[in-house]
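Protein chains: 2
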Amino acid sequence: MSDIPGLLDSIKLDKNSKIPMYMQLCNNIKEMIQQGILLPDFKLPSVRQFRDSLKINQVTVVSALKLLENEGYVYTKQGSGTFVSRSIPPASYNVSGDANPISDELYQQDDTFLISNGQIKIGANTVNFASATPTPDLFPVEDFRKVLDEVLERDRGNAFGYQDSQGFYPIRESILRILHKSNIATTPESIQIISGAQQGIDIISKALLAQGDYVVTESPTYTGALAVFKSRGAHIVDVEMLEDGPDLDIFEYNIKKYRPKLVYSIPSFQNPTGYSYSNRKRKEIINLSAKYDFYILEDDYVSDLDFENRNYLPLKAIDTHDRVIFIKSFSKIFMPGLRLGFMIVPSKLTNIILQAKHTTDISTSGLIQRAFDLYIREGYWDRHFKFMFNIYKERYLKITQALDSYLPAGVRFSRPGGGLNIWLNLPYGFPIETLIRQAASEDIVFAPGRIFYSSPHVQKLDNIRLSFASVYIEQIEDGIRKLCDMISRLGNSKGENRRIPLL
Amino acid sequence: MSDIPGLLDSIKLDKNSKIPMYMQLCNNIKEMIQQGILLPDFKLPSVRQFRDSLKINQVTVVSALKLLENEGYVYTKQGSGTFVSRSIPPASYNVSGDANPISDELYQQDDTFLISNGQIKIGANTVNFASATPTPDLFPVEDFRKVLDEVLERDRGNAFGYQDSQGFYPIRESILRILHKSNIATTPESIQIISGAQQGIDIISKALLAQGDYVVTESPTYTGALAVFKSRGAHIVDVEMLEDGPDLDIFEYNIKKYRPKLVYSIPSFQNPTGYSYSNRKRKEIINLSAKYDFYILEDDYVSDLDFENRNYLPLKAIDTHDRVIFIKSFSKIFMPGLRLGFMIVPSKLTNIILQAKHTTDISTSGLIQRAFDLYIREGYWDRHFKFMFNIYKERYLKITQALDSYLPAGVRFSRPGGGLNIWLNLPYGFPIETLIRQAASEDIVFAPGRIFYSSPHVQKLDNIRLSFASVYIEQIEDGIRKLCDMISRLGNSKGENRRIPLL
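So the protein lines, in turn, are chains A and B.
Going by my numbering, the first sequence opens with residue 1, and the numbers climb by one from there.
Going by my numbering, the second sequence opens with residue 1001, and the numbers climb by one from there.
Among the hints, a few may not be true.
For each label pair, taking beta carbons as the anchor points, the in silico distance ranges come out as [to be verified]:
1. A/233 to B/1008: 53 to 61 Å
2. B/1378 to A/474: 35 to 43 Å
3. A/390 to B/1077: 32 to 40 Å
4. A/385 to B/1377: 34 to 42 Å
5. B/1010 to A/377: 26 to 34 Å
6. B/1377 to A/143: 24 to 32 Å
7. B/1247 to A/240: 53 to 61 Å
Derived by calculation from the structure, the hints in this document are not laboratory data.
Note that the structure is predicted; figures quoted are calculated from it, not measured.
We treat Cβ as the ideally placed atom computed from N, Cα and C, and that holds for glycine.
When you get a sec, could you build the whole thing from the sequences and use the hints?
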């Protein structure tokens, strides 16, 4: 396309969408650039032309163009306008399969990666069941800006000097307030600040794992953790995740056989299954940790999103043997790009973990730590948490409702009761890759279950993960209905014999 | 001390010091708390009492108290005043030796750690030759605040979403400008954003090193790097750093013998020695990397502080075989607590290093990346660099001058020509620990050479590192004179036979 009117006509904006207009406009143009419809050095319409022909606010246009520029898609020449860049960012993964050389490998790592690197293309109107992270329009930018400003006013240069590797002392205090609900009793001395949960897993592996050690994990699980264990040269032992946690006989059998240093567990609303350990299994696994002398890495990424009052106890809250390393991420409730989280560390491990943190990045950004400390102290956190809780709960009720009404026979799911993910077990041999492509063609995306297994030979191929962190409430029912139609069409086309439910 | 007047009398402020008054006041009180002179729950004087008896501005008092509070030393009760905290941050390392259990180990890691964790105590009037990092009063807080604000205005939520693991595309572009002077030709596709140089070293080790691999390093060197290599289970092979770089025959002998995967090098104004590779040795080591198939990790932490126009070529600039991984830190010129840096990665390695970055912390803070991108694009970086260059150069000239005039016979140093460190070779058997204690008693601190060696059995015990990044110009001549007096007294007391210069 080389003519301005043509370009303007092909832009589709939805004033009723939850997605801010400037983002929609930005996404429209970005897609045309990525698809080569707009060529390098092509001059975009002027702000006025956009404004008048699209009937939108001038500020919206300016914001969209700024966003495109700061993402490297366009450049501006003083006085003469905005042009398509010569070197645009790496082209996005197209779901039909022809990825750039590395994306298949990376695809194994975790879903956020697909989104953050645009390997699953999220357009202005995509129904996104693939991402388990909140969308930028939910971020408390203005409040955080206030505390950032206060910190710069208060601490000046001190906010930018080297920080205590264990973390800024006051934030370790204020985190105790956040923990209050969870029944975990601890002190600032046991808290280690980290640059996100992923770093926490990395640091623990550095401190505890040598080449050839064994790590027991649930299967399927968060593969960002598996990637770390593998990079330390550790062997992964999978134990299948059941709806009330792993079978503890099989679990104990593997513990006896492999004597792991570490067990990696997501006991509440697990990723990807949404399943949770029963409180009985929680107590038993704590006892096993003492009996067989291993540490438990408890990855608590959304236990507080407990929509149906299951009131599960964090392992750390019943950790009578001081063998649980508790990791908390703020990425699902707050803002993932901030890269901030914390760990509660057994007293035996505080020193070696402090040293591992220091060799990893010396310290987490002092500015971010100080701003977030104030964010908690001034009560913003509690308010924002309630806000997010209600939004997520609304979506949870909507998506479970829609699944109840539209899910075809032979497809099973169990209500997780909380968290951000729902796990569908499809009939044996179901053509998932075809479903991915068909859904993508209707602009619906989700994560295939296979990416959450430690290796192809333990992979189950008949499940998918539906997340509702990034999907807008208005999109849910329609999206689930369409998806369910495709599933039942594809199921039928495979004939009865293919429709035995997976056990 | 339990009486307010006594407290106020014992506070010493120096209006002519380069250290901001509020920091001096904060440090005074902090020391009294650390030394147990002020006990938990002791009520501090009111703002007015401080103001009137110390004859200082009210704002100064408020800032000092805020700083104390946000560092966890005091707490405030609405209406009733400011009190000493019950749980104060870990007590500081006292140079006479009785450290808390872990500091000796950590002490091996690097000097910034000592300062950032208060293990070397820096009071209001300390002459600090120990730290190679700039002091907070030199940080461009106001300018950075401007760009932070612009970014929040421009990008809103997008600044806080998951970021491309390789780094925000525009900052990879703007970094090319910074590189301009260094004669390194590269593209945004070869640049990997990292959360500080330390993380870069960690990521490269993850990508390249397995247990039992060999790494060749200079000796002495930056021990923060050694700690990473060791944590990967790699063996360290030391080659002594000479004034024009390592002896390349010995170097090649070790390469042949151990076949290292990686060579870690700080070719310009090395830490801790300040020595630099001659351009001849730079070319030779590049050729060796191709001949023996190893990668070179070039740690460029201050090559641009070239005060005497030595014009050394970065290894990356002559890297004809694409075997140099170039790491650049901003901590010495900009603000260490920001945790930001970048690498230039050989094309063969970009994918595995991208994956290692992702497993390490997914991405570097998007807000920090976007703000620093703008900081460069709007010309702040160039201006700030010139500012820092001139301050450091002034100090460099002053300290070398002072050493020329006061250094006693038998003590050698060679002008590095740039960087932030000067290496003193003291007579064989010189009682350095005594010097450390005597200097500390006069409030002069520096780093003993021994902490920069990979292990005790390669340690030379007769050298010390003097850094001038944190020492104020007014303190230098007097500090060096005092230090030199102590050195010559201690040298003499040991008798002639001890004064043979180290070869």
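Here's how the hints hold up against the structure:
no.	hint	result
1	A/233 to B/1008: 53 to 61 Å	holds (60 Å)
2	B/1378 to A/474: 35 to 43 Å	holds (40 Å)
3	A/390 to B/1077: 32 to 40 Å	holds (34 Å)
4	A/385 to B/1377: 34 to 42 Å	holds (36 Å)
5	B/1010 to A/377: 26 to 34 Å	holds (31 Å)
6	B/1377 to A/143: 24 to 32 Å	holds (27 Å)
7	B/1247 to A/240: 53 to 61 Å	holds (59 Å)
Of the hints listed earlier, there is not a single one the structure fails to meet.
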